[in-house]
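What follows is the residue order along each chain.
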Amino acid sequence: MLYKIWMSVVKEFLLLKRDLGGLIILFIMPLVLVITVTLIQDSSFKTISDNKIPILLVDKDKGAVSKTVFDNLEKSKLFSVVTQIDNQPITEAIAQEAVNKGKYQLAIVIPEKLSVDLQAKINQNVEKIVSSMGFTDSVAPAPTPKIIKQKEVKLYFDPAVQMSFKNAVMSSIDKMISQIETQSIYTTFQKQLGEESTQFEQKSFITFKEIIPKINNKEVKPNSVQHNVPAWTLFAIFFIVIPLSINIVKEKSQGTFVRLLTNPVSNLIVIIGKTITYSAICMIQFYMMVAVAIFLFPHIGLPSLNIEGHLILMSVVALFSGFAAIGFGILLGTIANTQEQSAPFGATSVIILAAIGGIWVPVFAMPTIMQIIAKSSPMNWGLEAFYDVLLRNVSFLEIIPKISLLFLFFIITTSIALFYDKKKRTV
Amino acid sequence: MQSIIKIESLSKKYKNADLYSLNDISLEINEGQIFGLLGPNGAGKTTLISMLCGLIKPTSGQFTIDNLSYKNDAAKIKKIIGVVPQEYALYPTLTARENLHYFGSMYGLKGSDLKDKVIETLDLLGLLKFADKRIETFSGGMKRRVNLIAGILHNPKVLFLDEPTVGVDVQSKNAIIDYLKVLNQNGTTIIYTSHHLAEAEDFCDTIAILDRGKIYAQGSPSDLIASTEEARNLEEVFISLTGKDLRDVI
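Chains as they are written, first to last, in this note's numbering: chain A, 1203 to 1629; chain B, 195 to 444.
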């Protein structure tokens, strides 16, 4: 029996070796995928954190507030401020048109008299507080305060920018304007109290600090590579469904499957042969992608993948993810009658599994119903197991439930395939 | 002579089919015979061979091969039979040698026994110099010969051949038939289907003519010709029994 399994493995390797298209799908495409996606994702992280985005500033205020906004924006790591186009000052209409055409991603329009009105409003409020506390010298009744309309700082966004970018920008500008207001309030209080020589501490009292997990007493800050490499490695591993299902369909159409049925060899041995071969392929894919992430990424401007102390556990997760993918491929190849059925269905179903498994959009960001569905996706089990090992620094015991689910998926899909095949032949 | 295949009241009706593909067939094939199953398209030849090879189950009736039944001894039967299907059941991107090593190993052959047997049979069928060429580069006749070798590497006691010479040139056909005769002389019982009636007349020692799932006649080619009025050859016997109507089946 062992010799038959060995010969089946040899046969599968020879078949793969001579299938150039299959080899490209198995080895080259995943590498291209992981490099491309990580580069894109990394640059989008940098767009928000490192690279300065040019933004248009239309200053109708010409006062202290707009100057502070300008200075803060210039000082920020996010933006570089553009106040003129072709040596002409920017009007609101020009800014709106430039943003709508996608030439700029954002325009900020500071309304007229913002500084004056803000100061007037703050003065009113401070005076009200000060007089209620009995600090005023005058005994005459206070004049009726002038009504000051609320001011709007307008933001124009390029319609093509993503919601996440919009939210990040709006949050930054909101924070900046709040700081300006706070500073103005403090300054006005100082003036009202005649304490101009005393400087209030104007820094935020409450700050936040991200506590980063430590491995071997070293902080390991997750980056785009730590997130992307496991996710896309898993995606690539599951793409084995396509060549494997095509391999099985071909065996049926070539007649070799029928010949094997007449030989003194059980279908199980044939499946074990395929499982061993394709598991080895999955592991080669995995190690290739890890090697690329460690050794090539730093040369193309990406952070290196840090797998310190995790390689063995990651290999275990990759192997069990491979089993799940192989089980699915065997089932698909058994049910499909033609390559035209198996290839597109295989590709589409892997993309769907990836989508519901949280490869593109994190599961926590999905609607409740999709979160429930995601929990039943083998790709989600694999991804969570990878994250557990790589980012959450868990032990082998803690990944057992997830890898057990992956193996159970393999057993169930393979059993269904064997049962279906037996049933189909009982014509 | 001792019978090696005994078929009793064997019937097969496929799911959703209106008619029986095989209808109450009883047959005995003796050890060492070259038994021809002839019939028009849809007669039931492939259904009968598929059942004898264990690929499909009968609806009713039973059969034994060397006194073994699939119900109890499927693995034992598969060790003593060889099957040469009608299609080229080979891996096109593997070489002839690789294909034969693989299929031989599935019969439990290994090591030098397997290697020597592959070389010997490739040589006998004129393919040794192409042993390391891929099957996809072979002509139809060469593929047919490799297809045959893949079914006989383990020296089967019973060999099933489903149209083994279809679509090949005369030279390849002769090589195949000559080799089958050698195998038969060495004790292999051969069950063979074909549409080449002249080939069957020359090759088989017993023939059964099937049509519409039933056996219409059985005997040696000469007996069948003699027992059919005005028939000078097997083709005329065949037409006399099965008629001239076209038998297109879907």
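In short, the hints are calculated from the structure, not lab data.
Idealized CB from N, CA, C, for every residue including glycine.
Worth double-checking, as some hints may not be accurate.
[Said to hold, decoys possible] Below, simulated PhoX-like cross-link-like pairs (lysine-lysine); rule was C-alpha separation at most 25 Å, straight line:
#	chain 1	residue 1	chain 2	residue 2
1	B	Lys351	A	Lys1625
2	A	Lys1393	A	Lys1323
3	A	Lys1625	B	Lys311
4	B	Lys209	A	Lys1626
5	B	Lys323	A	Lys1219
6	A	Lys1454	B	Lys209
7	A	Lys1219	B	Lys327
8	B	Lys273	A	Lys1626
9	B	Lys207	A	Lys1625
10	B	Lys323	A	Lys1624
11	A	Lys1625	B	Lys323
12	A	Lys1626	B	Lys270
13	B	Lys309	A	Lys1624
14	A	Lys1626	B	Lys327
15	A	Lys1219	B	Lys200
16	A	Lys1330	A	Lys1356
17	A	Lys1454	B	Lys200
18	B	Lys309	B	Lys323
19	B	Lys327	B	Lys311
20	A	Lys1279	A	Lys1356
21	A	Lys1624	B	Lys207
22	B	Lys273	A	Lys1454
23	B	Lys309	B	Lys200
24	A	Lys1626	B	Lys207
25	B	Lys209	A	Lys1624
[Stated by the list, open to error] Where chain B lies over chain A, by a calculated footprint (3+ residues, C-beta under 8 Å):
#	stretch
26	1208 to 1221
27	1457 to 1465
### Query
Looking back at the numbered hints, which does the structure fail to meet, lowest number first?
1, 3, 10, 11, 13, 14, 15, 16, 17, 23
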